[in-house]
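All chains should be modelled from the sequences, with the hints used to inform the complete structure.
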Amino acid sequence: MDELRRAVLDAVDKYYSEKYSGRKFDPLVDRVHYAGRVFDQEELVNLVDSSLDFYLTANRYAEEFEFLFADYLGTDDALLVNSGSSANLVALTALTSDKLGEKRLKPGDEVITTAAGFPTTLAPILQNNLVPVFVDVNLGDYTANPDQLLNAIGPKTRAIMMAHTLGVPFDLNTVMRLVKEHDLWLVEDNCDALGSRYNGQLTGTFGHLASHSFYPAHHITMGEGGCVVTRDETLGRIARSIRDWGRDCYCAGGENNTCGKRFSQQFGTLPYGYDHKYVYSHIGYNLKVTDMQAAIGVAQLKKLPSFIEKRKQNFSALTKILAPYEEHLILPKATPNSDPAWFAFPITVRDTAGFTRNEITEFLEANRIETRNLFSGNLLRHPAFMNIERRVVGDLKNTDLITNNTFFIGVYPGIEEAHLEWINEVFQRFMTGEGR
Amino acid sequence: MPLTRKIPCTVQTIIKHSDDVFTLVLEPEKSLPRFRPGQFLHLAIDDYDPSGFWPESRVFSIASSSNHSTSLIISYSVKGTFTARMANELFEGARVWVKLPYGEFIIQSGEDVVLLAGGTGITAFTAFIESLDADHPDETRLFYGARNESLLLYEGMISSVAGSTPAFSTHYYLEELTAPRNDGGQIYFPGRLSIDGIIRHLSHPEGYSYYLSGPPEMLNVFSHQLVDCGIEKCRVRIDAWE
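As they're listed, the protein sequences go chains E and V. Going by the working numbering, the first sequence opens with residue 48, and the numbers climb by one from there. Going by the working numbering, the second sequence opens with residue 6, and the numbers climb by one from there.
Warning: the hint list may mix true and false statements.
Incomplete in silico selection of chain V near chain E, CB under 7 Å [said to hold, decoys possible]: (1) Pro7; (2) Leu8; (3) Arg10; (4) Pro13; (5) Ser56; (6) Phe58; (7) Trp59; (8) Val64; (9) Tyr107; (10) Trp246; (11) Glu247.
Just so you know, the hints here were simulated from the structure itself, not pulled from any lab data. Note that the structure is predicted; figures quoted are calculated from it, not measured. Ideal Cβ positions, reconstructed from N, Cα and C, are used throughout, including at glycine.
Following this line, the structure appears as structure tokens:
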């Protein structure tokens, strides 16, 4: 049986070589994607290996990934979920648990965040009946303005939940000072910033909880997938409960009585000894991954250091290519004390540029260079969020500017020298008047 | 409960303390997850196939500390069919599977504690004791009973820590001893551990939290007796499994 399995996996290895390897970029045909899967035979082999186990739900690869991921970040706990958005939902919902006593977030408590980002950083705040407090962001790094953060604290403020936008760490000196002085919870949305550092420390390790995404656009991928990390054992257990239907039991799927107390505990008003597997301490979800997803993640995680390095190289190369156009474009910059593992290369078209964001993105797209807006722009201008209960600090002027003028192109590891040369050529053509 | 991991291990060393009490030193084939003193592992003798379910296993306190990243130590006495299989089937070089860590039998800091260990129940405390240093601030009293001195497992380590940790003291009880024995300052008391005997050594029994580890009958009897002696129920913690 082992030999047969080895033969299948060897065939998968060969299939990878014939199907995927050795492709060359042709600028006249191929697109320069803003992001994408970068993989080799190891991801395919792991995926098939896991499928041959046919355990399907989280198993040995999930266990391996969580261990290796926590080890990479230096945290005590990591729990896989089915997306970065789910990671945000689990992380913030964990802070509403009764198990936290008076420290728990309660309906009406305020959570400081930004409006210029991805909706599922904000959505969990609303889904938990908490009130978002919006601060504006800086142009260039697109993270929360530190002065506005200081002004955002109110008597009901209990937490901060923000993203390290496009890989740029927000001002963690200011944020951690606020967290300490005002006894706030901090949830880092680290979905776009795996591998970024602030004062030398990895982002995702500052907050009480942090979220990560493994969607194909992200630093590593499982297709769909995400992860919550924490150093706090209580929060880890709560988060796991919320991920797993809200149950109190922490046995992995298919396991029984790992705690040795399955039939000998008292919960609520249940009869003594009610089966712990079916005792619920939270109103939870089912947000678990499959082992096939985790199998891909295990292979991807090995490549993470080289992926991060390549993203930084591509960012530097694009900075050189676009530096001549700074009169028209606001180029990205890192926040002080930070070393971003860039998710993308954001660009804001200056009001004085003489062309619009849409004019340049249409030209780039027409020349097969993919662009994306900075996600939602100002979330408060979207139908779903227009009428939410909120508090706004200042006028979100930069957030609105981003909505109209900002876009990004890719730095992902699949971008090679040939792609960069093409990007250089297309930008040169646009800046010298072509397409306008 | 932080991250758990299933790990194949090689049985590196088997120490036979008596016909029915053994210590196993296991060499893990993968990195160990972090665990805390007092936590336990599941040990399976049969091979684990990840495409199926975890085989029959039993739980054992992890006697070694998380600092020993290259080995795991457990001790057991033969009590049933599974531990009898362990005694009969395991040999140095054999392969077993463990999954760990589990459990919340964690000794809290900031309180004076009495540790009550019966037989191999001492393994729930050994990693904690090993972690104590000269500056340990909480008074820690160990009452440890065994059949005879050869079954006072880990006595060397425990006595060494007691010698260098002013806040930590030991009281050994030996069932087969007929009269108290003073061995270089270390007194061995005759007979079984008993709550009456323990309470007599404590000037203010209600000022301690009590951690109990040992055979189920001992846990059951001792925990009730402590409460009967006026110890708050919430200050009596037991290392019990079904």
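Against the structure, the hints come out as follows:
This hint holds: Pro7 (chain V) has a C-beta 5 Å from the nearest C-beta of chain E, less than the 7 Å allowed. With its C-beta approaching chain E no nearer than about 6 Å, Leu8 (chain V) sits inside the 7 Å limit, and its interface hint holds. For Arg10 (chain V), the suggested interface contact is upheld, since its CB lies about 6 Å from the closest CB of chain E, less than 7 Å. At about 11 Å, the closest approach between the beta carbon of Pro13 (chain V) and any beta carbon in chain E exceeds 7 Å, and the interface hint on this residue is violated.
About 4 Å separates the beta-carbon of Ser56 (chain V) from the nearest beta-carbon of chain E, less than 7 Å, and the hint is met. For Phe58 (chain V), the interface hint holds, the least distance from its beta-carbon to any beta-carbon of chain E being 6 Å, beneath 7 Å. For Trp59 (chain V), the shortest C-beta to C-beta distance to chain E is roughly 6 Å, which falls under 7 Å, so the interface hint holds. Taking 7 Å as the C-beta cut-off, the interface hint given for Val64 (chain V) holds, the closest approach to chain E being about 5 Å.
Taken as an interface hint, Tyr107 (chain V) checks out: its beta carbon lies about 5 Å from the nearest beta carbon of chain E, inside 7 Å. This hint holds: Trp246 (chain V) has a C-beta 3 Å from the nearest C-beta of chain E, less than the 7 Å allowed. Because the beta carbon of Glu247 (chain V) sits about 6 Å from the nearest beta carbon in chain E, less than 7 Å, this interface hint is met.
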